[in-house]
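Could you build all of it, start to finish, from the sequences and the hints given here?
Quick mapping for you: the protein sequence lines, in order, are chains A and B. Mapped onto our numbering, the consecutive letters of the first sequence carry residue numbers 67 to 505. Mapped onto our numbering, the consecutive letters of the second sequence carry residue numbers 436 to 722.
Be a bit skeptical, because a hint or two may be false.
What the hints assert, rightly or not - Below, computed lysine-lysine pairings styled on DSS-like, alpha-carbon distance capped at 30 Å: (1) Lys607(B) <-> Lys619(B); (2) Lys390(A) <-> Lys607(B); (3) Lys86(A) <-> Lys619(B); (4) Lys133(A) <-> Lys226(A); (5) Lys133(A) <-> Lys301(A); (6) Lys607(B) <-> Lys86(A); (7) Lys509(B) <-> Lys678(B).
To be verified - Pair ranges (Cβ atoms, derived): (8) Leu490(A) <-> Ile495(B): 31 to 39 Å; (9) Ala453(B) <-> Lys301(A): 33 to 41 Å; (10) Trp340(A) <-> Gly700(B): 22 to 30 Å; (11) Pro620(B) <-> Ala77(A): 22 to 30 Å; (12) Trp556(B) <-> Ile98(A): 23 to 31 Å; (13) Gln478(B) <-> Val106(A): 51 to 59 Å; (14) Trp556(B) <-> Ala296(A): 42 to 50 Å; (15) Val106(A) <-> Pro620(B): 39 to 47 Å; (16) Trp556(B) <-> Gly308(A): 38 to 46 Å; (17) Arg84(A) <-> Ile540(B): 58 to 66 Å; (18) Pro620(B) <-> Ala73(A): 23 to 31 Å; (19) Gly268(A) <-> Val717(B): 54 to 62 Å.
Claimed, not checked - Residues of chain A placed beyond 10 Å of chain B at every Cβ, according to the derived structure: (20) Thr72; (21) Phe91; (22) Asn121; (23) Thr171; (24) Glu191; (25) Leu255; (26) His300; (27) Val346; (28) Arg367; (29) Ile407; (30) Ala412.
Just so you know, the hints here were simulated from the structure itself, not pulled from any lab data. Glycine residues also receive a C-beta, built at the ideal position from the N, C-alpha and C atoms.
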Amino acid sequence: MTAIDTADLRASAGRLFRRKQLAGFGLLAGVILYLAYAAVAFDIAGLMGRARWDNAVVLASDTWSYKTHVERQHRSGDIEIAIEGERRGTYAPGTSPDWIVLGDTVTVDLGHGATARLLPGNVTELDIPGHGTARMALQGRSISGDFGEVPPDWISASAKRVMITLPGARVTMTPARTEIFRYFFGWDLFWFTLDSPYFGHGPAEILFGPRIDPQRGNIAGAAHDWWTNAVWHHKDVAWAIGETILMAFLGTFGAAIAALPLAFLAARNFTPVWLLRGAVRRVFDFIRGVDSLIWTIVLARAFGPGPLTGALAILVTDTGTFGKVFSEALENIDGRQVEGIRSTGANAVQRARFGVLPQLVPVLLSQVLYFLESNTRSATVIGAITGGGIGLLLTQAMQTQKDWEEVSYYILLIVLMVMAMDWLSGRLRARLIGRGSAR
Amino acid sequence: MTDLASPPPGAIRDSYMAELRRRRLYGGLALLVFAALMIAGFQTANDRNAGGFLDGLHRIGDYPAMVLSEAWEKRAQLPGKLLEYLPDLVETLNIAAVATLTGAIAGTVLAFLSIRGLAPWPRAVPLFRRLMDILRAIPEIVIALMLIFVLGGGPVPAVIAIAFHTAGALGKLFSEVAENADQKPVEGLASVGARWGQRMALGVLPQVAPNFLSYALLRFEINVRASAILGFVGAGGIGYELKNAMAWGPGRFGDAAAIFLLLFGAIVLFDQLSGHLRRRLVEGTRA
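This is the structure:
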């Protein structure tokens, strides 16, 4: 009797296991099939062919290094030294960093033991350790070079263009000019531009050393020059971060304020009228369905680009979300507390204030603060679309496709900003809700 | 006998009222500071905006009206336009789905590596948590724009960007759920000599799967929106078409309206669907 039972049980358990196994494998196969379909639909194979890996190399190396250009015009013989080739990073004529010695022959230290000499008569000589001397000269409209018996593969030479790639430096010569690029670790001119008297001075010198600029105190002057740095625009970047946080703050809390009274209208226990409740709920659904992207577009048409547009876009979208969340929270409150207040003869507003809000506030604040963090990210994205805040700076820097160190700076700032907001909202949540539940 | 322990009732009342007054004062002050911040914030935002709030308020309906009136004139073409842009909508949905899927898988792995008490390398738990924090903190648009520079425009940058963020966001939620899972099945499996992977797959995963699925569905809903937005900055799908139709301006508002409709319909559909499924999942675990 029992033997039959156990055998039955065993068989049914076995069937169950097999079914579950089959379902598991079926799910896995489904996922794999779907991913395979997606790979075809997204044309992964074609993408690999189109990908610009050289862009990736530029991006990766530019984020942590910068280069200084030394350029000689062959016709005039003028020498120009500029950081990143930028006008604002150009050294005044007759001045140079200490690794370049000016004179009839300009000697450039290329690092790693290599040296380049720009000799008169448009001749350039390179001393390269492990290779010897490479020499190239402009004769008429073509370049003649002496690179040894077999030119190594890091030299590409023709009559119109010679390019020598060294570790940390690059030398090119064309009939028009000779260019030397030397790469350095770090971000160029991040603290001070070349026209600032504080350029090249360390923090110890500025803080404790003698006055560098006789007109100003060291700390005030350095802070001013850093703040108004014309290459990195620290002042504008700080404003942009502030704008982004402002958008998130105004949008989130504005939405919470707008959604709270509406949520009462959408909650079953406060609005028994089915029609009104349904109408308010559909409004919430509509607002959320339209989505922040389209709200942003519509609002940007009316108000133009800027932080107000971004704040309003977040405000409108989140009113829909908060309305839904708050009305659900309202439906879940404990009715006894409200009844107790009602028994003392309180009217509807008093019941809401003393019976409902104390129960609702922790839930509500927790949601709002959670959204504050996620809206900081949304504000970055909305800023990129509508033009405002750090999102705009980021897209602009990316569109120029050369200031990758600025791009990485902005990314770093954005990540720090979002993490700071995350931390702040977590702290506030823990404090407010911890206190609320302890009471 | 005098009762030293309890003061007269009047004193209790007075101290209670004083406490209440103080709390109300602090509450009122906090509210005041908050109101001042909001007002000052809106002032600042208004000043730094290209157009002011009051100047723009009456224009707010102009653009939708313009689009809608043109779309109404061309209403006969609308069904055709809807069909024309359906593949783009499918691409947007595919981006969201693939990103959610891969992000959820990566998030699950990260979550199990960072559960306090169950992680295989307890010392590395803070490391994985910070990694998830960073993944969550990088906005999708940042990764998408960088990848567009390298890979060119298209859906793949969007997928990778959204998947990164999803992995971080879901990883955090998953690990919170898994931390609250019942330890008894895990101990039982450990007692019969199960390896870590077996303990997690057979002891923890079945308990938390409904919650995982519920969070993943919510994430999918969010990712549909994100994928539409990323399309707007150049990563394929319906957002890209919307941007093109809008940049064209009058004359293609019929297309813009069709795209609006498709996007709106898709978002509402998945919003309702995932809400329904999630309710069923959560109620299923309670039963």
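Hint check results:
1. Lys607(B) <-> Lys619(B): 23 Å, holds
2. Lys390(A) <-> Lys607(B): Holds, at about 24 Å.
3. Lys86(A) <-> Lys619(B): Holds, at roughly 22 Å.
4. Lys133(A) <-> Lys226(A): Within the cut-off at roughly 24 Å; holds.
5. Lys133(A) <-> Lys301(A): Within the cut-off at roughly 24 Å; holds.
6. Lys607(B) <-> Lys86(A): Holds: Lys607(B) and Lys86(A) sit about 28 Å apart, inside 30 Å.
7. Lys509(B) <-> Lys678(B): Cα-Cα ~20 Å, so holds.
8. Leu490(A) <-> Ile495(B): 31 to 39 Å: 33 Å, holds
9. Ala453(B) <-> Lys301(A): 33 to 41 Å: 48 Å, violated
10. Trp340(A) <-> Gly700(B): 22 to 30 Å: 25 Å, holds
11. Pro620(B) <-> Ala77(A): 22 to 30 Å: With Cβ atoms ~24 Å apart, the hint holds.
12. Trp556(B) <-> Ile98(A): 23 to 31 Å: 29 Å, holds
13. Gln478(B) <-> Val106(A): 51 to 59 Å: 53 Å Cβ-Cβ, so the 51 to 59 Å window holds.
14. Trp556(B) <-> Ala296(A): 42 to 50 Å: 48 Å, holds
15. Val106(A) <-> Pro620(B): 39 to 47 Å: At 40 Å between Cβs, range holds.
16. Trp556(B) <-> Gly308(A): 38 to 46 Å: Taking Cβ atoms as reference, Trp556(B) and Gly308(A) lie about 41 Å apart, which means the hint holds.
17. Arg84(A) <-> Ile540(B): 58 to 66 Å: 25 Å, violated
18. Pro620(B) <-> Ala73(A): 23 to 31 Å: 26 Å, holds
19. Gly268(A) <-> Val717(B): 54 to 62 Å: 60 Å, holds
20. Thr72: Fine: 21 Å to the nearest Cβ keeps Thr72(A) off the interface.
21. Phe91: Since the minimum Cβ distance to chain B is about 14 Å, Phe91(A) lies beyond 10 Å and the statement holds.
22. Asn121: Violated, since 5 Å does not exceed 10 Å.
23. Thr171: For Thr171(A), whose nearest Cβ neighbour in chain B is about 41 Å away, the distance exceeds 10 Å, so it holds.
24. Glu191: 38 Å, holds
25. Leu255: 23 Å, holds
26. His300: The claim stands: His300(A) keeps its Cβ more than 10 Å from every Cβ of chain B (closest is about 18 Å).
27. Val346: 16 Å, holds
28. Arg367: Arg367(A) is in fact no farther than 10 Å from some Cβ atom of chain B, at 4 Å.
29. Ile407: 16 Å, holds
30. Ala412: Since the minimum Cβ distance to chain B is about 17 Å, Ala412(A) lies beyond 10 Å and the statement holds.
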